[in-house]
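A.B. asks: Just so you know, the sequences run in chain order D and S.
In terms of our numbering, the first sequence is residues 1 to 262.
In terms of our numbering, the second sequence is residues 1 to 388.
Derived by calculation from the structure, the hints in this document are not laboratory data.
Note that beta-carbon positions come from the ideal geometry of N, C-alpha and C, so glycine has one too.
Fair warning: there could be bad hints in the mix.
[Stated by the list, open to error] Chain D residues, not near chain S, derived (Cβ > 12 Å throughout):
#	residue
1	Thr45
2	Arg67
3	Arg217
4	Ala255
[Stated by the list, open to error] Output of the computed footprint for chain D on chain S, the stretches with three or more beta carbons under 8 Å from beta carbons of chain D:
#	region
5	14 to 28
6	370 to 381
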Amino acid sequence: MTEARPDTQAEQQERGSGNGEPMVVIEKLSKQFGKLRAIDTLNMTINAGETYGLIGPNGSGKTTLIRMMVGLLRPSGGTIRIMGQRMPSAKVSPHLGYMTQLSALYLDLTARENMQFFCNIYGLRGKEQSRRIQEMLERVELADRIDDVVGKYSGGMKQRLSLACSLVHSPRLALLDEPTVGVDPELRRSFWDYFAQLNKEGVTIIVSTHHLDEASRCTRLGLMRSGLLLAQDTPQELLRQSGKDNMEDAFLHFASRQEVLK
Amino acid sequence: MSFARIMALASRIIHQVLRDRRTLALIFLVPLAVMSVLYLVLTSTSSVHTLALVRPTGTNSDLVNTLIDKLLPSKDKLKTIDITASQVDATLKNGNVDAAIIFPADFAQQVFTGQHPAVQIKLEGSDPNVASAMSDVANGLTHQLGVALAALKTQLGAGGQGGQTPPAINATIPFTVSDPQYLHGGAQYTFNDSIAPVFIGIFSFFFVFLLTSVAFLRERSQGTIERVMVSPLTRAELVIGYIFGFALFALVQSLLILLFVVFALRVHYSGNLALVFLVSALLTVGSVNLGIFLSTFAQNEFQIIQFIPLVFGVQVFLSGVFWPVAQLPDWLRPISYILPLTYANDALRGVMLKSDGIGDIAGQLTALLVFALAMVVLSALTMRRQIA
């Protein structure tokens, strides 16, 4: 009863940006936690094959937004559509890859066993499974530690394995919540190179970060603060509009404007 | 519903448990160790009590003493020693005897002259169980003596005269009580036999609950539950996967306990293994889901441990492990009837001691099924809270 994996070009065309609908369409989304308005009437579109960076300080609503996109949280208002389906959707879930801020690994299992489990629940089996596991572990430079129990890994290694687990089933849309926290600069660069390569293969990536220096590696950015989307555009365009020469100043410029996209 | 995904989850759980040696020891060795200790305590503890007799010494006392000796149970059931009236308190106090029957010195004389002598029973009394048993023994003995003496007096003709010497004694009890017959079990059945079956239920319920709630708590605190919920694995598949994974260990554990108590401890067993497994499996479904449900309300492993007295303390005392449910006070009994172990204990005892078939324990099986389904509903309802 392996899940069909509609990865053909035709389907990609039909479901992705091919028919004119972007990968993710968010309309008038809001989320209320008691008195706290975590997300406030947010509109956002994310195109197939791009890396969309959610940029903002802690508590700006990035994680809440991602959790609503993957269906873990119910919106208080508004809609999220992914691949043309209203979320949460069982049709979409096989194509999502999700990386949380916690490493979300079974510490009493080895790296291989962790990855085998996630492959199995996505229906990826047999030789293809072994090939993908090997490929992903080489990508995050853990191939030599494949049979070590994850509990013995350092924080950075767990983070790398967590990324590998999120992408091992070749998702069409990867939602990565602060994937580069605790990863050293060299490996961080290789992560971003990999994201660019995945984009070329048609994979859409949504990545949250508060490293403003990573922002320039994104196709487009959404600047967030207090649950509001302050601005959304390419890094170059945001710099141009703000008249600043670095993203930090640009962010502060938009944050002080008090003008939001609604 | 994908069987492959369920099995993926079940096999992950099996891997995790197999990797953890301590947990394996907890599941498979601890029950055997506990059963062995219990067995030793229950079988080696002497249940032969000692009775002290202060015998009559006056005229015609030989007759009475001979009767007493005839009435006393055999030495392997009751030890007796003869003491004097002045030694009673000291002997009871130093623990050499558990009870004393004190006959007045002129007991026989009084009886045969138509008076009513007073016989005093004195109990050590610090252990209510022993005191109660000894009270029964002493009362039984004196009553039998009374009956025998009454018969003897009739035999001697109307009322014995004080000075008359009674005839040569052929005094016997005018009826015999044959050895008890048993509907179930037999004289060789001990307390162990009735307690061993219930431990199969208790251990599988306890360890499965503990392992599931900790495993689920970890899914939550490590964040893996979020990854799993985002994947195509559904909530139903998650619950079933957990049940399959832990049911394997519960069944192997039940088998191991059963083999151990039957072949190593020589506990009597006349049942159907499949029914023992069925009870154990139903309990496991309930216990996995109770674990998932309660883990929602715990933030860490210590808080899981805090549930144990609530979940098990109550069940062990009220589910008929040591005291039959029917003997509990009226107001406690309704609580017993909502506890799953009450039904599991009943069913396991029925199967193992009375060779009950599936029809005989259908009621208990239904109750266990209802409990299991109720727990499935509760765990499904709280699953959303697990991720939020």
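A.B. asks: List in ascending order the numbers of the hints, as given earlier, that are violated by the structure.
C.D. replies: Violated: hints 2 and 6.
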